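*Asks:* First to last, the sequence lines map onto chains D and X. Heads up, the first sequence is in this note's numbering, so the first residue is 1049 and it goes up one at a time. Heads up, the second sequence is in this note's numbering, so the first residue is 1049 and it goes up one at a time.
For the record, the hints were derived by calculation from the structure and aren't laboratory data. Do not take every clue at face value.
No distinction is drawn between identical chains; accordingly, a pair holds when it is met within one copy or between any pair of copies.
As the list claims (entries may be wrong) - Calculated cross-link-like contacts (lysine-lysine; reagent style DSSO-like; alpha-carbon spacing at most 30 Å): (1) 1209 / 1127; (2) 1128 / 1165; (3) 1120 / 1153; (4) 1120 / 1245; (5) 1161 / 1128; (6) 1161 / 1120; (7) 1120 / 1158; (8) 1127 / 1165; (9) 1265 / 1245; (10) 1120 / 1165; (11) 1209 / 1153; (12) 1120 / 1209; (13) 1120 / 1265; (14) 1265 / 1209; (15) 1245 / 1127.
Being a predicted model, the structure only gives us computed values, none of them experimental.
There are 2 protein chains.
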Amino acid sequence: MKPFVSKSNLIPMYHQIANHIREHIVEGVLQPETQIPTEEEIVRDYGVSRMTARQAVTQLVQEGLVYRIHGKGAFVARKKLERSLNRLNGFHQDMVGLGLSTSSKVIGFKRRKPDQKEQHVLGLNRSHYVFEVRRIRYVNDRPMGVQSFVVAVHLVPELEKQDLENGSFYAYLQSIGRALVRAEQRMEAVLSPDSAKLLGVSESLPFFYFERISYDKDDQPIELLHSYFRGDQYSYGIQLGE
Amino acid sequence: MKPFVSKSNLIPMYHQIANHIREHIVEGVLQPETQIPTEEEIVRDYGVSRMTARQAVTQLVQEGLVYRIHGKGAFVARKKLERSLNRLNGFHQDMVGLGLSTSSKVIGFKRRKPDQKEQHVLGLNRSHYVFEVRRIRYVNDRPMGVQSFVVAVHLVPELEKQDLENGSFYAYLQSIGRALVRAEQRMEAVLSPDSAKLLGVSESLPFFYFERISYDKDDQPIELLHSYFRGDQYSYGIQLGE
């Protein structure tokens, strides 16, 4: 008798069980901070061995969806931090809005000539200079993303590294009369081994990648921003239509 | 003399070169369908061996950013398909707007009781029934995403599988006087081994995950939609502010 599936198509039992529980978490049937089925319950409900039940839970722990409390069981991890795409906010503003504290580590700050794309996007030429600033952004001391932005030196001639260590660059722009009023943004879902390395997370972790061009009230392009934010920490909400 | 970096911090040369070229692609300095530096040029410009140059290009090919043409060299892959987050469009409408043809394969179509979350979101109770529809979505015959939606049976009592094989569910809703006018949407960047398997792509490929709740003109919630779209194929654009 021929087997009706080839061996290469078989999905291990622990993987199927993890998929099933993950679906319940992702779709909100299992809410954050609630207990997922215990190993005993998985053994009973799915008819598998204790070892297989443990493997299923371990997979979800490794994905960051679930955490274990010794002697108590496994619980659904806190929801991702939700940011809104209906507002033109910086990272700092959004996190403060969620009641969280932020900090930044400047890992690059240089003055240089703009490249071709930067000239085009920011309306500059080879006679101009730009600041390129690269920061790791933290929430309650956890590294959440890597951002780098480019801004023309003549627009922010006094910009210093210490303006960027603690505060918001958007607030800084506002303070010098260059408040941002609109932006064009493109989002991608990517792997970013470089960002993962900087943040100390697995290279297989998906990131949101954003490219944002921001304008002031005179429609002058001010900032070209590239951001990588951890896919396991953030979700983005938006109201469509109307 | 102590080495000034520890060995575990060393980044292989091919990896650094790939990072450098990737940056040029992601940031648009190297445009789609243009040739990236040849192996000879990499050998010359970076002072590395031919083998290292080849490894760098191979890494970019594996990431899908670059494709090789035998005897000609390596070229930047076509840009991701850009969808707009400023419009309430379905997949079919967006792709047709880009001049592409779409098709769907219905891989699940059932009538069942709504779960707790579906009851809450769609304003139903245990006496109602829902259709649950799961489709693989194709563009020019390439599998691009997996979508499943739930809709109350009493709102679309005549819905049949063949309505969903070719056309747009949003157009169907319009045709029966239930056009969607607004939606709440949440986006995540995730790994989705199940979707990857259904689409025949690597399990390490990042996906956009969307959850969308759509409403008609009477603010009646109509559809709860879960979508997984390939991160290597799509980007999402949005205008913020103003």
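*Asks:* Could you run down the list of hints and mark each one as holding or not?
*Replies:* Outcome of the hint check:
1. 1209 / 1127: neither (33 Å within a copy, 35 Å between copies)
2. 1128 / 1165: The answer is between: 18 Å across copies meets 30 Å, while 33 Å in one copy does not.
3. 1120 / 1153: neither (37 Å within a copy, 44 Å between copies)
4. 1120 / 1245: neither (33 Å within a copy, 34 Å between copies)
5. 1161 / 1128: between (38 Å within a copy, 29 Å between copies)
6. 1161 / 1120: neither (58 Å within a copy, 33 Å between copies)
7. 1120 / 1158: The answer is neither: 51 Å in one copy and 37 Å across copies each exceed 30 Å.
8. 1127 / 1165: Answer is between: at 16 Å across copies they meet the 30 Å cutoff, but 37 Å inside does not.
9. 1265 / 1245: neither (38 Å within a copy, 48 Å between copies)
10. 1120 / 1165: between (54 Å within a copy, 26 Å between copies)
11. 1209 / 1153: Classified as within: same-chain Cα gap 10 Å, cross-chain 54 Å, threshold 30 Å.
12. 1120 / 1209: For residue 1120 and residue 1209, neither the intra-copy (46 Å) nor the inter-copy (46 Å) Cα distance is at most 30 Å.
13. 1120 / 1265: Answer is neither; intra-copy 55 Å and inter-copy 48 Å both fail.
14. 1265 / 1209: within (26 Å within a copy, 51 Å between copies)
15. 1245 / 1127: both (24 Å within a copy, 26 Å between copies)
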